[in-house]
Amino acid sequence: AQTVTQSQPEMSVQEAETVTLSCTYDTSENNYYLFWYKQPPSRQMILVIRQEAYKQQNATENRFSVNFQKAAKSFSLKISDSQLGDTAMYFCAFINAGGTSYGKLTFGQGTILTVHP
Amino acid sequence: GAVVSQHPSWVICKSGTSVKIECRSLDFQATTMFWYRQFPKQSLMLMATSNEGSKATYEQGVEKDKFLINHASLTLSTLTVTSAHPEDSSFYICSAETEYSNQPQHFGDGTRLSIL
Numbered sequence: 002a003q004t005v006t007q008s009q010p011e012m013s014v015q016e017a018e019t020v021t022l023s024c025t026y027d028t029s030e031n032n033y034y035l036f037w038y039k040q041p042p043s044r045q046m047i048l049v050i051r052q053e054a055y056k057q058q059n060a061t062e063n064r065f066s067v068n069f070q071k072a073a074k075s076f077s078l079k080i081s082d083s084q085l086g087d088t089a090m091y092f093c094a095f096i097n098a099g100g101t102s103y104g105k106l107t108f109g110q111g112t113i114l115t116v117h118p
Numbered sequence: 014g015a016v017v018s019q020h021p022s023w024v025i026c027k028s029g030t031s032v033k034i035e036c037r038s039l040d041f042q043a044t045t046m047f048w049y050r051q052f053p054k055q056s057l058m059l060m061a062t063s064n065e066g067s068k069a070t071y072e073q074g075v076e077k078d079k080f081l082i083n084h085a086s087l088t089l090s091t092l093t094v095t096s097a098h099p100e101d102s103s104f105y106i107c108s109a110e111t112e113y114s115n116q117p118q119h120f121g122d123g124t125r126l127s128i129l
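Sequence order for the protein chains is A and B. So for the first sequence, the numbering used here puts the first residue at 2; every next one is plus one. So for the second sequence, the numbering used here puts the first residue at 14; every next one is plus one.
Treat the hints as calculated values from the structure; they're not laboratory data. It cannot be assumed that every hint is accurate.
Distance condition first, Cα-Cα at most 27 Å in a straight line; then the derived DSS-like pairs of lysine-lysine [stated by the list, open to error]: (1) Lys54(B) with Lys33(B); (2) Lys56(A) with Lys74(A); (3) Lys27(B) with Lys79(B); (4) Lys54(B) with Lys74(A); (5) Lys54(B) with Lys79(A); (6) Lys71(A) with Lys56(A).
Turn these sequences into a full structure, and let the hints steer you where they fit.
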């Protein structure tokens, strides 16, 4: 079974600064996907960024980038130029890529990020 | 893009009543849907996997008779909380599985259930 661990229950950052959220995972699979989801106070689940395990290049989406270290099973999220709208709970998630169905998403415990003006 | 509609968004009802929550995939077919429960400031906890035309697969510790799941069509799954009690109050989220690796699940906006 896969596990995903987010060791930072809460983080805070000043507006316009950079913050990094940590995530580690454990799996015996070789082919999988990793995701970061954002859940603002509205509680919608918003996909922020994804990474395919077979790709060495780190994914980037505008101000969001990841540091994917496959051997270390680490998948951190860096938010640059933080904005007030980035205030949310962030979840790291894992899913297998093999088989006819992707199956279950495994979520980490979540990190509550607060951006201060 | 793929849209999942969840209804109602908020429901308040008396203890002992049953509540049905609907999850619809609006512009794609979903053979598989998932139901999650979330407590404040906690992660999403998978309750069950709903498969079109067959019985749902429940996670360990989830009461099948309390949380009835029906997935009668490729675009609709329902979760019925039977004889609800205050401890069933929570935020329930559904998701629908897609065939696309860039976003393998699309989430509904959730239902806030409050049992008085």
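Index of numbered hints that the structure contradicts, given in increasing order: Result: no hint breaks.
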